[in-house]
Amino acid sequence: MADCYTELEKAIVVLVEKFYKYMSKHSLVKNKISKSSFHKMLQKELNHMLTDTGNRKAADKLIQDLDANHGRCMSFDEYWTLTGVITSPIANLIREQEQRSYRPDPCWPRCSS
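Under the UniProt record's numbering, the first residue of the sequence shown is numbered 1, with each subsequent residue one higher.
Among these hints, one or two may not hold up.
[Stated by the list, open to error] Computed list of lysine-lysine pairs in DSS-like fashion (alpha-carbon distance at most 25 Å, straight line): (1) 57 - 35; (2) 61 - 21; (3) 61 - 18; (4) 57 - 10; (5) 44 - 25; (6) 57 - 40; (7) 44 - 30; (8) 18 - 30; (9) 25 - 57; (10) 25 - 10; (11) 57 - 21; (12) 40 - 30; (13) 18 - 40; (14) 35 - 25; (15) 44 - 21; (16) 21 - 40; (17) 18 - 35; (18) 61 - 35; (19) 44 - 57; (20) 44 - 61; (21) 21 - 10; (22) 25 - 40; (23) 61 - 40; (24) 57 - 18; (25) 35 - 21; (26) 61 - 10; (27) 18 - 44.
[Unchecked claim] The calculated label-pair distances, taken between Cβ atoms and stated as ranges, are: (28) 98 - 39: 31 to 37 Å; (29) 80 - 48: 18 to 24 Å; (30) 91 - 35: 33 to 39 Å; (31) 31 - 84: 15 to 21 Å; (32) 101 - 31: 38 to 44 Å; (33) 47 - 99: 26 to 32 Å; (34) 94 - 61: 23 to 29 Å; (35) 39 - 97: 26 to 32 Å; (36) 102 - 81: 27 to 33 Å; (37) 15 - 95: 31 to 37 Å; (38) 100 - 72: 15 to 21 Å.
Note that these hints are calculated values from the structure, not bench results. Glycine is no exception: its CB is placed at the ideal position from the N, C-alpha and C atoms.
Turn these sequences into a full structure, and let the hints guide you.
As structure tokens, then:
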């Protein structure tokens, strides 16, 4: 990976690499990951974020809902969507923390007279 990548670009590369790492070799042509491999990835790679039983149950339900083709495999698009849903609560938490620490400028907006 090039050193000139931004942190966000590196994060995207990691997400793509994880998909291919857990995808079985015979699925390379299909570009899909089995649900069992995806569960294994969740346990190994996102264990701390999914320690709450409610989060784990929600992730399991989401996997079922996202599996549009009702097969035993998830496409990269389904994986990407699920990754976004898993990270959404983190984004909300960060936003809440930022809002709590935000102090508006008492001089804004200034009226022009």
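How the hints compare with the structure:
1. 57 - 35: 15 Å, holds
2. 61 - 21: 23 Å, holds
3. 61 - 18: Roughly 21 Å between the alpha carbons, so the hint for residue 61 and residue 18 holds.
4. 57 - 10: Roughly 29 Å separates the two Cα atoms, so the pair is violated.
5. 44 - 25: Given that 25 Å is the threshold and the Cα spacing comes to 19 Å, the pair holds.
6. 57 - 40: 15 Å, holds
7. 44 - 30: 24 Å, holds
8. 18 - 30: 16 Å, holds
9. 25 - 57: 28 Å, violated
10. 25 - 10: 24 Å, holds
11. 57 - 21: Satisfied, since the Cα-Cα distance of roughly 24 Å is no more than 25 Å.
12. 40 - 30: 19 Å, holds
13. 18 - 40: Measuring from Cα to Cα gives roughly 11 Å; hence the hint holds.
14. 35 - 25: Holds, at roughly 15 Å.
15. 44 - 21: OK: residue 44 and residue 21 at ~12 Å, within 25 Å.
16. 21 - 40: 11 Å, holds
17. 18 - 35: 14 Å, holds
18. 61 - 35: 12 Å, holds
19. 44 - 57: 16 Å, holds
20. 44 - 61: Holds: residue 44 and residue 61 sit about 19 Å apart, inside 25 Å.
21. 21 - 10: Distance ~16 Å between residue 21 and residue 10 Cα, so the pair holds.
22. 25 - 40: 15 Å, holds
23. 61 - 40: Cα-Cα ~16 Å, so holds.
24. 57 - 18: 22 Å, holds
25. 35 - 21: It holds: about 14 Å lies between the C-alpha atoms, which stays within 25 Å.
26. 61 - 10: Violated - the C-alpha atoms of residue 10 and residue 61 are around 29 Å apart, more than 25 Å.
27. 18 - 44: 11 Å, holds
28. 98 - 39: 31 to 37 Å: Once the Cβ atoms are compared, 33 Å apart, the range 31 to 37 Å for residue 39 and residue 98 holds.
29. 80 - 48: 18 to 24 Å: Since residue 80 and residue 48 have Cβ atoms about 21 Å apart, the given range 18 to 24 Å holds.
30. 91 - 35: 33 to 39 Å: 25 Å, violated
31. 31 - 84: 15 to 21 Å: 19 Å, holds
32. 101 - 31: 38 to 44 Å: 43 Å, holds
33. 47 - 99: 26 to 32 Å: 29 Å, holds
34. 94 - 61: 23 to 29 Å: 24 Å, holds
35. 39 - 97: 26 to 32 Å: 30 Å, holds
36. 102 - 81: 27 to 33 Å: 30 Å, holds
37. 15 - 95: 31 to 37 Å: Between residue 15 and residue 95, where Cβ atoms are some 21 Å apart, the hint is violated.
38. 100 - 72: 15 to 21 Å: Taking Cβ atoms as reference, residue 100 and residue 72 lie about 44 Å apart, which means the hint is violated.
Going through the hint list in order, the structure does not satisfy hints 4, 9, 26, 30, 37 and 38.
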